[in-house]
Amino acid sequence: DAGVTQSPTHLIKTRGQQVTLRCSPISGHKSVSWYQQVLGQGPQFIFQYYEKEERGRGNFPDRFSARQFPNYSSELNVNALLLGDSALYLCASSFGMGRREKLFFGSGTQLSVL
Amino acid sequence: DQQVKQNSPSLSVQEGRISILNCDYTNSMFDYFLWYKKYPAEGPTFLISISSIKDKNEDGRFTVFLNKSAKHLSLHIVPSQPGDSAVYFCAASTVQGAQKLVFGQGTRLTINP
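Residue numbers (the working numbering), protein chains in the order written: chain A, -15 to 98; chain B, 1250 to 1362.
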């Protein structure tokens, strides 16, 4: 069975540009969460979506936005990129939206901002 | 404000011995704790969890201990195997936080033959 898939795997952008990252959850999973992992740190929560609605938002600026589609896939958008946005972006899916649900993470998208 | 801290960036253990990874937290609202393991080029994988109503949870070679008064949890791996070499993250959540997990910085565990 396919796990959580993220695309692209690597991405290079320049400051000020915009980027869209994509995530396909495990089949049957309805919840998608996004995390940012800066080198040497643990993942930091950005968003959770369940049934196409935002269910949680972390402490990130409005330059970060996301959405979930009817097929439960999700996109994370980052506008006006800064050097500090360089990080590994992880997507995680789960069947339900509760916090006891086991999260399954994708391998991530490595974003480099030059 | 680092609410979840893993103060040891790395740990080296001999194969067959016990590995003990530690984690401290500051937010008293955390009531559910998890450990994840991460191999290079892969996403984190869930390992084991514990609710604040318990002080111990076991799953095979893995045991998590929770000391609420000290705001401290630890992961014990016995016996340690070479495949356990990875980065380990502890994470915590609150009732209000839904699936928002707050992660520590991670500890790189190396199991030596």
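Keep in mind that the hints are not guaranteed to be accurate.
Stated by the list, open to error - Using 30 Å as the maximum straight-line C-alpha spacing, the simulated BS3-like pairs for lysine-lysine come out as follows:
| no. | chain 1 | residue 1 | chain 2 | residue 2 |
| --- | --- | --- | --- | --- |
| 1 | B | 1303 | B | 1254 |
| 2 | B | 1317 | A | 86 |
| 3 | B | 1303 | A | 86 |
In case anyone wonders, no lab produced these hints; they're calculated from the structure.
*Between residue 1317 of chain B and residue 86 of chain A, does the CA-CA distance stay at or below 30 Å?*
Holds: residue 1317 of chain B and residue 86 of chain A sit about 23 Å apart, inside 30 Å.
_Restraint check for residue 1303 of chain B with residue 86 of chain A, where alpha carbons must lie at most 30 Å apart_ = holds (19 Å)
*Proposed proximity, residue 1254 of chain B with residue 1303 of chain B (alpha carbon, max 30 Å)*: holds (21 Å)
Of the hints listed earlier, there is not a single one the structure fails to meet.
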